[in-house]
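K.L.:
Residue 180 in this note's numbering sits at position 179 of the sequence shown, and the numbers go up by one each step.
Do not rely on the hints blindly, as some may be mistaken.
[Unchecked claim] List time: in silico DSBU-like cross-link candidates among lysine-lysine, alpha-carbon distance up to 35 Å: (1) K353 to K301; (2) K353 to K27; (3) K27 to K49; (4) K49 to K301.
Don't read these hints as lab results, they were simulated from the structure.
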Amino acid sequence: MNSEKGAPITVIGAGPYGLAVAAHLKAQGIPFRIFGEPMEGWLSHMPKGMYLKSSPFSSFISAPIPGWRLADYRVSEGRASGDERDPVHISEFVRYGLWFQQHWAPELEQVTVRRVETGRGRGFWITLDSGEGFESRAVVLGVGIVRFANVPPVLAHMVDDGLVSHTAEHVDLSGFAGQRVAVVGAGQSALESAALLHESGAQPTVLARAGSLVFGPPPQTERPVERSVRVRLMYPNSLLGDGWPLVACSSGPAVYRHLPDRVRARLLRTILGPYGAWWLRDRVEGRVPVRCGVRIGSAKPDLAGGVLLELEGPDGDRQTLEADHVIAGTGYRVDVDRLELLSAELRREVVKNAGAPRLSADFESSVPGLFFTGLAAAPTFGPLLRFVSGSGFAARRISRADAVAW
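Please construct the entire structure, taking both the sequences and the accompanying hints into account.
P.N.:
Right under this line is the structure:
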């Protein structure tokens, strides 16, 4: 990687992945600057009232030493550490993230990075919204998921008209009270948005291509270690959940990187694919109308100012649905070209696979010194990087690479 002596490493993003990288760089004694609003993606792009899909034991930001997990935060507040049957509310996770930031990245600069471009030497030139510019020997992009929000083409043409939006655009769903809202998708964000809409007085309908909705099973015990030896052998616990496939994804992201492109893409799509958390089932089934096995053939504004959706069933049958608004809970698709803070030259130089950056074992792209972490690294390292529990693997690899170069 590039090594401009005296120049800091720039960490862009102050969510779980950016904060974890900052903490590990600090432990290595590596100079860095970190920019962004702390936990901004969670504060500004997640709905009030939501709970994390991941278990309490897996919902933590990685620190280089013990004592900084969610359970430790709870104890620091004089509360019980919690168990598997206590889903994590977003407000608590945000408070935890701010607590982590105040201890491990108090130097966080709440300034937006306007542009990253090739530097005058071998590094990068960083321009801030404040007008400041400086040299950086390496850049770590921990920009989160919002920039990669995916709205299907059949709906995208109505986004600018305000008739279609993505789940990432809504913090407060109560504004839809009394409205008919079509929620597209069968994953956690779609199903939880539908539940919150219903509980806010809206009239949601879930539209899913899947033949049926899937919900995870509830934990059998309060803690994984309390399960029987037989169950633990058959379905061992991991950061991603129970079962040998999830153990492999949790423990083997470095191996995952060496799989063929097509295999990686299929596993990323199917392992922990669209499903709802166990605690969500009772808030959806029997409460929210669901149409499974349908796809949207066309969508257009109707004369009443809403949206008319033409749905196609598995047997080719067609039906229509009228809605006042459509919310796409259709996930995220990594595309480097959507990162406009990178100069056009840098975006062209990044070698990509289906839009995602190809990364080295240390999360470095084909541009020396330019690192990607979080969701942007999931196509390379697998499902673990879609969850906050992957922050440890990423931060250790990135800080190790920088320590060697330093």
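K.L.:
For each hint, tell me whether it holds in the structure or not.
P.N.:
Hint check:
Restraint check for K353 and K301: satisfied, since their Cα atoms lie roughly 34 Å apart, inside the 35 Å limit. Between K353 and K27, the direct Cα distance comes to roughly 30 Å. Compliance with the 35 Å bound is thereby established for this hinted pair. In summary, the hint linking K27 to K49 is supported, as the alpha carbons are separated by about 33 Å, within the 35 Å threshold. A distance of roughly 30 Å separates the Cα atoms of K49 and K301; the hinted pair therefore holds under the 35 Å criterion.
Figure legend: structure checked against the earlier numbered hints; every hint is met.
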